[in-house]
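Colleague: Sequence:
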Amino acid sequence: MRGKNITTDVVLGSGKQNTKAIAAALENGGEIGAAMLCVDIEIGGYKDWFLPSKAELNLMYRNLALKNLGSFKGELYWSSSQANNYEAWRQDFEDGEQSSNYKDYSRSVRAIRQF
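Start counting the sequence shown at 899; every next residue gets the next number (the working numbering).
In short, the hints are calculated from the structure, not lab data.
Check each hint, because a few of them may be wrong.
[Stated by the list, open to error] Derived CB-CB ranges, DEER-like:
hint, residue 1, residue 2, range
1, Asn961, Glu925, 13 to 23 Å
2, Glu929, Asn966, 32 to 42 Å
3, Asp990, Leu935, 13 to 23 Å
4, Arg1011, Arg960, 29 to 39 Å
5, Gly943, Lys902, 25 to 35 Å
6, Tyr984, Gly943, 34 to 44 Å
7, Asp938, Thr905, 30 to 40 Å
8, Glu929, Lys965, 19 to 29 Å
9, Leu935, Gly972, 17 to 27 Å
10, Gly911, Lys965, 17 to 27 Å
[Claimed, not checked] Mimicking DSS-like on lysine-lysine, the simulated pairs with C-alpha atoms at most 30 Å apart in a straight line are:
hint, residue 1, residue 2
11, Lys971, Lys918
12, Lys902, Lys965
13, Lys945, Lys918
Just so it is clear, CB atoms sit at the ideal spot from N, CA and C, and this is done for glycine as well.
I would like the entire structure built from these sequences, with the hints used as guidance.
Modeller: Structural data, given as structure tokens:
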């Protein structure tokens, strides 16, 4: 939700709460975004998916993608960590770079369960 300040964190273990905060703001604004995709998805009978935080996404890059595990594409993936009112953190799964982008840019999403 570009232009809206949503309080989130970047640390391990914060993705689930970040996603809840973003999803609530999106629902109130009648919008759909990466967090809503994770909240609404059901895979393997599980409905407790969320968008990883900046640190969780980096851990996935280092421990999975670099070992060719997890079927990650060399693309940019959104985290649930907001950088400011207009940007959120994302990670490049080709080179590991983390930086912020405008929230309305199209990026890949990797839903995860409890980290």
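Colleague: CB of Asp990 to CB of Leu935, is that within 13 to 23 Å?
Modeller: Hint holds: Cβ distance 20 Å, inside 13 to 23 Å.
Colleague: Does the Cβ-Cβ separation between Arg1011 and Arg960 fall within 29 to 39 Å?
Modeller: Taking Cβ atoms as reference, Arg1011 and Arg960 lie about 19 Å apart, which means the hint is violated.
Colleague: Could you tell me whether the CB distance from Gly911 to Lys965 stays inside 17 to 27 Å?
Modeller: Taking Cβ atoms as reference, Gly911 and Lys965 lie about 22 Å apart, which means the hint holds.
Colleague: Could you say whether the range 25 to 35 Å given as a hint is met by the Cβ separation of Gly943 and Lys902?
Modeller: Cβ of Gly943 to Cβ of Lys902: about 33 Å, so the range 25 to 35 Å holds.
Colleague: Indicate whether the distance between the beta carbons of Asp938 and Thr905 respects the range 30 to 40 Å.
Modeller: 22 Å, violated
Colleague: Does the Cβ distance between Glu929 and Asn966 fall inside 32 to 42 Å?
Modeller: 35 Å, holds
Colleague: Compare the distance between the alpha carbons of Lys902 and Lys965 with 30 Å, and conclude whether the hinted pair is satisfied.
Modeller: 37 Å, violated
Colleague: Do Asn961 and Glu925 keep their Cβ atoms within the hinted range of 13 to 23 Å?
Modeller: Roughly 32 Å apart at Cβ, these two residues miss the hinted range, so it is violated.
Colleague: Could you grab the alpha-carbon distance between Lys945 and Lys918 and see if it respects the 30 Å cut-off?
Modeller: Measuring from Cα to Cα gives roughly 13 Å; hence the hint holds.
Colleague: Using the C-beta atoms of Leu935 and Gly972, is the stated range 17 to 27 Å upheld?
Modeller: 21 Å, holds
Colleague: Within 34 to 44 Å or not, the Cβ separation of Tyr984 and Gly943?
Modeller: 37 Å, holds
Colleague: Between Lys971 and Lys918, does the CA-CA distance stay at or below 30 Å?
Modeller: Answer holds: Lys971 to Lys918 is near 26 Å, not above 30 Å.
Comparing the model with each numbered hint stated earlier shows that hints 1, 4, 7, 8, 12 do not hold.
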